[in-house]
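Undergrad: Chain by chain, the residues:
There are 2 protein chains.
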Amino acid sequence: MLRPTVGAIGVFGSCAAIALCAAYVTSSAAQSSKESPAPGGNAGSSNASPIYGVTIPPGYRDWKVISVGRLKTDKVNQLRVQLGNDIAIKAFKEGKLPFPDGAMIAALHWTYVPSEDNDKVLVAAFPGAESFVPGAAVNVQFMVKDSKKYASTGGWGFADFKDGKPQDKTLHEACFPCHEPAKAHDFVFAHYAPTP
Amino acid sequence: MLRPTVGAIGVFGSCAAIALCAAYVTSSAAQSSKESPAPGGNAGSSNASPIYGVTIPPGYRDWKVISVGRLKTDKVNQLRVQLGNDIAIKAFKEGKLPFPDGAMIAALHWTYVPSEDNDKVLVAAFPGAESFVPGAAVNVQFMVKDSKKYASTGGWGFADFKDGKPQDKTLHEACFPCHEPAKAHDFVFAHYAPTP
Chain H
1 MLRPTVGAIG VFGSCAAIAL CAAYVTSSAA QSSKESPAPG GNAGSSNASP IYGVTIPPGY
61 RDWKVISVGR LKTDKVNQLR VQLGNDIAIK AFKEGKLPFP DGAMIAALHW TYVPSEDNDK
121 VLVAAFPGAE SFVPGAAVNV QFMVKDSKKY ASTGGWGFAD FKDGKPQDKT LHEACFPCHE
181 PAKAHDFVFA HYAPTP
Chain E
1 MLRPTVGAIG VFGSCAAIAL CAAYVTSSAA QSSKESPAPG GNAGSSNASP IYGVTIPPGY
61 RDWKVISVGR LKTDKVNQLR VQLGNDIAIK AFKEGKLPFP DGAMIAALHW TYVPSEDNDK
121 VLVAAFPGAE SFVPGAAVNV QFMVKDSKKY ASTGGWGFAD FKDGKPQDKT LHEACFPCHE
181 PAKAHDFVFA HYAPTP
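Chains as they are written, first to last, in our numbering: chain H, 1 to 196; chain E, 1 to 196.
It is worth saying that the hints were derived from the structure and are not from the lab. Check the hints yourself; a few may be wrong.
[Said to hold, decoys possible] Some chain E residues well away from chain H (every beta-carbon gap over 10 Å; in silico):
id, residue
1, N47
2, P57
3, I87
4, K96
5, P100
6, S115
7, D117
8, V121
9, P134
10, D146
11, S147
12, S152
13, D168
14, K169
15, T170
16, D186
[What the hints assert, rightly or not] Simulated pairs of lysine-lysine, DSBU-like, Cα-Cα distance not exceeding 35 Å:
id, chain 1, residue 1, chain 2, residue 2
17, E, K96, H, K64
18, H, K96, E, K96
19, H, K90, H, K165
No residue lacks a Cβ here, since even glycine has one placed at the ideal position from N, Cα and C.
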């Protein structure tokens, strides 16, 4: 089983943005990734994230919805969705913390673009209405829970991919420190959106 | 199997908003719903949508993601996600139109609220960053494809629920006319978001 984790799920806009976080990672975490690849990952492969050795889990696009969001900074404007595998979703629904080993979370990020098609329909009935939809894919991030392997980073391994390729080590060094403020929620920023 | 459909999926913000659309529905559609309830629905039940007789499909919160969005008008500000059952998702992935019978689409709408938790983390590294997450659930809408039963409304039955209860007939009369501009995409506004 592949075992990825999200750099700043639900918070950060792009890999470039994440790289701006304090560049820090425990040496033990970096060390352990050199000693043994993540389950399902391949630390020696160009398809695996630096430090954590996490690869893209097949089928993640079909995982279930945790929540959605928008992030806007001077440089970033995105629509985002956070998805979970079955283990993660069960934990969210039950409010179980910490997340059990095997939990995986994906954060999918797209550019935030106006929808002309939608607005054409809306303009008559809703003057001034603005609708926004996903544009191009920006990146996808993963968090993978393995409390033993990733003990020095809260039990989570992280990965950030752009165009199917893992981003660089500097960016990945920022994943865990950025998630530390969410320690009380097992380092996960996303909360399960209510069911309408 | 329950068979619901979305009023203005991916476009309209709330039931109140939808009700502002032209109030029109073919008399044949209205008539047919009186004659026979939707499959899985119960036209005589307070749990079924007016006109179409569609009830809430169990487990829709766990359907797969079609896309996400934001809608903003003077009165509405929402984060939204569109989900599909397996039949709908397969059609989206294959680009198959029209959608086959049995396809169901859900549009989940929440209020658009700033996340103080996220912003606290972002403020140091990203001055001016703003993050937004789902607040309270607003409503959920469904589209259910049944080309025979709903022949007079593009093959789609529609439903809009707030707090688990179907909204009124006037609102549901607006569903199909609002979707007509999307006729070239089988009356569905949402497009499948690219996989990052």
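Undergrad: Hint compliance check: list the failing hint numbers for this structure, sorted ascending.
TA: 6, 7, 8, 9 and 18
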